[in-house]
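Novice: Can you build the whole structure from these sequences, using the hints too?
Going line by line, the protein sequences match chains G and R. Quick note: the first sequence uses our numbering, first residue 1, plus one each step. Quick note: the second sequence uses our numbering, first residue 1001, plus one each step.
Keep in mind that the hints were calculated from the coordinates and are not lab data. Just so you know, even glycine gets a beta-carbon here, dropped at the ideal spot from N, CA and C. There may be inaccurate statements among the hints.
As the list claims (entries may be wrong) - Rough simulated footprint, nothing fancy, chain G against chain R, three-plus residues with beta-carbon under 8 Å:
id	region
1	1091-1099
2	1126-1140
3	1159-1172
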Amino acid sequence: MANMPYIAAIDAGIHQEMRRDSNVLYFGQNMATTENHAFVAAYGHDRVRVTPISETAEIGIAIGAAMAGFRPVVELYMAEFMLVAMDQVVNEAPRFRYMSGGQVKVPLVLKAGYGFTCGWAGQHTGTLTSLFAGVPGLKVVIPSTAADAKGLMATAIRDDNPVVYLHHYLLTLEHGEVPDAEHLVPFGKAEVRRAGGDVTIVATGWMVPRSVAAAEQLAKEGIKAEVIDPRTVAPLDLDTIMKSVDKTGRVVLVDQGTRHASVAGIIAAEICEQRFKSLKAPIVLVTAADTTIPYSEPLEAAVLPDEARIVAGVRKVLK
Amino acid sequence: MSLQSPSAERQTWMFTQMLRIRTFEERVKRSFTDHPGVIRGHTHLADGAEASIVGSLSHFRDGDAALATYRCHGYPLVLGSDPKAVMAEIYGRADGLCKGLGGSMHLTDVKRGFLGTSGIVGAGIPHAAGAAWAAQIRRKGNVVMCFFGDGASKQGAFHETLNIASLWKLPIVFVMENNGYNVVTTTAQEDANAAAGEALAVKAKAHSMPGVTIDGADPVAVYTTVGEAIERARAGQGPTLVESKVYRLSAHGNIIAPPGVPLHYPEHEAIAVFGKREEYEAALRGDPVPRFRGVLVRNGTLSAARADELAAQVASEMQGAVDFALKSPFPKLESALEYNYA
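Specialist: Have a look at this one:
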């Protein structure tokens, strides 16, 4: 084990896979511009390249290289930059295996940070998870700890499908214990971050530590909240969520996405259809308000889910 | 570097491939009247582009790759795909090239190097560059053939990709089949180079790569020019943009209509939209298939009788493709969910 920040753990995951498989490529804007760049030094310019600001070509090239047998990782920095190339993400990468009747595989990773809500205003702060989570053929992963950041990256690179890897910018410097040895975190397997029998909280990314903090606060009052981190939203581990719902009958879904474009909305629909009779109260959604993220600090804080709102959500569902 | 003309034997092969594409496309078109309802959605025919397709693919080697657009029936036929499987795919049948999941716009035959087909204009251009990066890393002298139309050259994907391909000296040849129309919009209405009376190949200049314009109705000219671009790419000297001027002899595609309205091929846009019957008739007079037949018969490469014999063989082959496709069953319903994930 090594204690390292989330951002270093992501790199550790890429290194782990680039060392073991010479078909893994890593490229993007504003990287690999000198021979000292850690990935250039280790793997050379055949496999590690800087690109111009051309997201459509970057992701499209990744698709072509993947169809030709390589495993590209595209460094996109910010999830919003995928919007520039949405056709490639949504209507190219996940379509080719299907449309070819299974002839091709498109193993690639789109690495992008999201949710940078610290004064980045309206265009660099989105939580766009649900834009990708519902696309057949795409997988979507959201690590919330340093260990998962490494293990989910490694699994994403080995996966034979296009994977959108969303790392949370506000977790960048959060430290955690990360296995030194080969580390893989399976897709579609949620992690129970805190066990409890009174209420089920489902949260992703930056909302996980906030939900755990809320659960700790509630524990002082004797309220036992279970916090589930799905870790991957496509595939989504509904079994773990449903088992918890059977146990608690009360659900709070926490999501940094705007309410009407949240993964929480999708989870709520599944719970309502599958476990209506287990529910003792209506499901509560604690999400970002349906708004563009404002620049000014108090306004930014006011539209995002925080510990107090999660606590309030739990109190509401317990009434 | 100057490439030799193809041998007589090779030219006969090229003529045969042109006939195969033409006859196949005629059978697709005829399906709308012979078997109404069998073909669904949208089909786009390559009639008029045969010389360009065949000339370009005449240099194809093992390990090379080709990527194209939704107007994609011709390429796999030349690369060796079974026309039975191609027609069955267009008919949505289980024996189709892509098991009936892709259809006319998404033909793929990986075993023959036909890697994948995007139906979104310009979107496949970077895919071809990605395959070319793979070829560059593997250092086996392979190239990628990237086919698209004049319309695609107004997409960001085109310019972004040409920039990177030139910067990275990727082993790729960009073949722009300029058929003069983006659906019902003429090139001069949407392209600044065309409006200024310039060739579309000048776009290569912006990306510091050679750009050439050729008569895409002349298979030998295409063979030579594209062949030189391929040699350049194989030698590590980077990409070339070839503007291959062709005339699409059918309308952009069959009519777009909801179920219940019988699908068919309308008249070409030159007539239906612009009322330029003479332009279209001139294109028919320059039809590359009879034109190449005439060249080969005149120069003694082929006797008229042998040319007729080849045409009869091809007609029978494509009749077999239609018969096979009609008999092929629909795919099992479970297969609708089978290939979303690997």
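Novice: Could you work out which earlier hints the structure fails to respect and list their numbers in ascending sequence?
Specialist: none
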